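Colleague: Numbering (our numbering), first residue to last: 70 to 390.
Be aware that a few hints might be false.
[Unchecked claim] With a straight-line Cα cutoff of 16 Å, these simulated EDC-like cross-link-like pairs (lysine to aspartate or glutamate) come out: (1) K178 with D121; (2) K178 with E217; (3) K178 with E193.
Please keep in mind that the hints were generated in silico from the structure rather than gathered at the bench. All values derive from a computational prediction rather than experimental measurement.
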Amino acid sequence: MPGDDDRDYAEAVRVALGELPDLPFVPEVPGRGVAAGMIGRALAVVDGLGIDLQPAGWRLTDASGVDHRRARSLLAQDLDQVEEQAQGRTGIFKTQVAGPWTLAATVEKPRGDKVLSDHGARRELTQALAEGLRTHVADLRRRLPGVERLVVQVDEPMLPAVMNAAVPTASGFGRHRTVHPPEASAALETVLGAISEAGAEPWVHSCAPGVPWGMLAGAGARGLLVDHDLLGPADLDALAQALDDGLVVGLGVVPSTDPVAIPTDAVLTERVLRWLDMLGLDAGEVGNRLVIAPACGLAGATRDWSRTALTLARSTAANLT
């Protein structure tokens, strides 16, 4: 969500609870600084590793630096705000965290270059994320005792690049080696399995082309969140199979930044119906397994559009039911 201070975070929580009563979420407001960004947020959850912020970005270290401690403090402070505003909530609630491959492609080893370059380091980071998520889910359960269905969305925007040798090395002149599907799946199974064992429901989101949706479902994802405009013919079969198998599919059809021409909920509804027709399904068949969402995060939007986008998602979903 957009914003650059703690008052904006409180407002983001109000918007999330007010505009999406059927799928409220723990907001992220990355405009407040690197500790509040997607990677900083996930590293605040990671358990048992020292991490510090260097000029080149986040790096594994012997002990946590001031920025890592700041990220953890900010997460706890934000969850206090969610707990206060969400008192008495029941039903479903969602939070999100960057996944193991996006972290491995972003965070550096102690002596430089990405964690992605070292088998042992990426395995250690994956396990630390899994353990941290067990604690994180337990904390959310304590703070939101009335919530029956807790969803953890694992964000993996870097997964296709990791699997296609498209992540640059530190020098910028080379690319890290391909991570093959069995290893990619194994790391995701570790993280998604930890979420399930902690009593939450793992979904995976990626607003990137070429995502292996079938592999994610096989690794234990119970929901797949996609950007409608980035889907190709190869994605249709995997998503149709996911819906047939009882998984949730979140279809990102609402623009995530302010559009030149604002679409109506009728236009968006027609777009969803055409997509379902391509899958050979209708809205009555998929029921509440289809979620309508913005295409990606709303941090780059204006405050007005971020609220409008959530309203459009809700009204489009209502049209379908």
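Colleague: Tell me, which hint numbers fail for this structure?
Modeller: 2
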